[in-house]
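Q: Next come the chains, spelled out residue by residue.
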Amino acid sequence: MKRTIAVVILIFIGVVVLINIFNTENEYYNLKLEELKQEYAIKPISSIDHSKLPELQREFATPQDVTEACISCHTERHKEIMSSAHWNWERVSYVEGRGITSAGKKNVLNNFCLGAQSNELACAKCHIGFGMTNDHFDFENARNVDCMVCHDNSDEYKKGSSTAGYPDRTVNLTKVAQGVGTPGKINCGSCHFFSGGGNNVKHGDLEVAQLSTSREVDVHMAANGMDMSCVACHTAENHQIKGRLYSVSSTNTNRATCEQCHTSTPHFDDILNRHNAKVSCQACHIPVYAKENPTKMSWKWSDAGNLRDGEPYKEFNSDSTIEYQSIKGTFVWAKNVKPDYRWFNGTADHYILGDTIESVPVQMNTLFGSHDDPESKIYPVKIHTGDQIYDTKYNTLIQPKVFAESKGDSAYWKDFDWQAAAAAGMKRVGLPFSGEYDFVETEMYWPVNHMVSPKEQAVGCAECHTRSDEGRLATLSGFYLPGRDHNKPLDGLGVLLFFGALGGVLIHAAIRVIMSIRQKKYEMNIIDYDDNNSTQK
Amino acid sequence: MKSVYVYKGFERFWHWTQATLIIFLALTGFEVHGTFHILGFEHAARFHRVGSWMLIGLVVFAIFWHFVTGEWRQYIPTTKKLAEQIRFYTIGMFKGEKHPTKKTEVIKLNPLQRLVYLGFKLVLVPLTVISGILYMFHKTIDRNDIVVVSDFSLESIAFWHTLGAILLMVFLVVHVYMTTTGHTPTSNIRAMITGYEDLEEDEETAKKE
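Taken in order, these protein sequences are the chains called A and B. Going from the first sequence to my numbering is simple: count from 1 and add 647. Going from the second sequence to my numbering is simple: count from 1 and add 560.
Among these hints, one or two may not hold up.
Below, computed lysine-lysine pairings styled on DSS-like, alpha-carbon distance capped at 27 Å [claimed, not checked]:
no., chain 1, residue 1, chain 2, residue 2
1, B, Lys-655, B, Lys-641
2, A, Lys-649, B, Lys-668
3, B, Lys-568, A, Lys-649
In case anyone wonders, no lab produced these hints; they're calculated from the structure.
Construct the complete structure from the given sequences, taking the supplied hints into account.
A: This is the structure:
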């Protein structure tokens, strides 16, 4: 009988030990993942070679001629494009607390270059059209659709700087037209990598390094990995591109998600899968962003305007990022940044031109969400802070005119006169300007979605489940996080009870010992140390 | 004195496995709670889960055993000699008095033990186990899947689970100490290991005293 029990106990313990030793995810062959890898390893091959089409064997005098040539075969595609936000720079949607709203680059501000209005000549470099010189752009004219900026596979095409969206004069349009195909990374990247006036300025997780990088930087886009293009995930059925960028978007629709490929239960470990109810994939799998090149974390416009010998200048940091620029102000850059974390349900609000400032720092965009909202999950975000010009009397942010080709056109970057720039910009957007301005602090939120790390580098449990103030979720409130949160009075009571009991039994034991000695239960052997000492002497 | 087979095989297996599991769950549990760091949160949480299922399995077996063997009757509370028993532990023991109640293979527990163990079985363990199960399933899988237990806040569940754990630890301390109050300091522990304990054999002489 005893032997049987002993054997049972040993087997019991043995099984538990073995289960825990071998129950690690790495030991399994992840079929789901292998299937995906196989699927995306096969790169699409075009069924058509545009260089052989007779329609394209010609010189193109203007880029619009190229567009016409495209439309002559792809007869309806321009309609799809012309209903997209890439074209319209606005999207009508329902925004909580605001109602049905049209929002986009036409009417929202940011805390980088502030806003496109009155600066179209330069800003339209990232509009998929030709000739947006001012706010009179004809959004109904299909000839102005720029097919090439997205579909050029020849690496020939580039938009000119300050040419209202027209290509650079050096571009060989015939070569571009004959070399079109599925958009590659650089097609998307030519705008999305360089938004905000330089590489990785805005996003922090989208930059030129991703054209050719390692798995450590981005498992999806890595040259030594799957080398996926942007459109592998951001699919574009009928030119409706999946994905939402919440610096301008508002709705939880047509988002590009990790789950669309990886499903909502990608782990073998049930505990990890269940986290997905409240934690986004990105929160754990993007431990840091801006891994290769720094991203802008702060931009203080209030410092702009210092001149040397009447001329604007730049000051650089040791890593060749710009620390100060007369036309823009002071910047703070950072590399390998740990994200901040926010509850986010996929809907957002924005500071729309004309809104009254209700709190400082002004929220350029607001990501909605809370723990109690079933749609919400914890997302990693980049928070870009700064200050920018506002109207102290009307309490509104100002859209200044910053860009012009020459001096004397009220543009801040030429004349360094905020008064004139503010007046010109606000006049253009049709809003009043009192003439009194100052600078107000702002914050802008950028959900971090790219630069997914290899799974070995994913955020560990204890980076959030910790009482440390350094914990990644140390400041995220509204819920009970095991390991981080505890009931202080209860813990106090626990310490009191536990050590009270311990002390109690020790005292009880001591009394027992003393009493039994007194009752002479044990024989006492008294050693006379003095006597010993004396004999040693 | 006579050597009597008091604790049956399963009883001893159950006792020591439960003891091991409770101590293991306390170590891993309080690590998850953030009280100290031994294994690291990830391992602590994972092992705590494994340990909890083992304990639940053991408790199910133990309940079955208690009812099948009728051992559950050991825990029927009584006030008879309860005051004497308390007096013994607080005063009598120091004076070298004898136990006011007699332990036999049929009546293993004194009145105070009956009360405490009944509380342990009916309040302490259910409180901790049930709050633990709620804790474990306090998750929404995803919005298209089942939603398990979200009517109670995790905060309140964690409160009750932690309270149960604290009381269990207090029980552990006192329980371990009380094992030293047998005929000799180690006789009770030896009995729970071997099953045999030296008990007073003659009822008549015990009564006369």
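Q: Would you mind marking each hint as holding or not holding in the structure?
A: Each hint tested on the structure:
no. : hint                  : in the structure
1   : B/Lys-655 / B/Lys-641 : holds (19 Å)
2   : A/Lys-649 / B/Lys-668 : holds (21 Å)
3   : B/Lys-568 / A/Lys-649 : holds (10 Å)
In this structure, none of the earlier numbered hints is contradicted; all agree with it.
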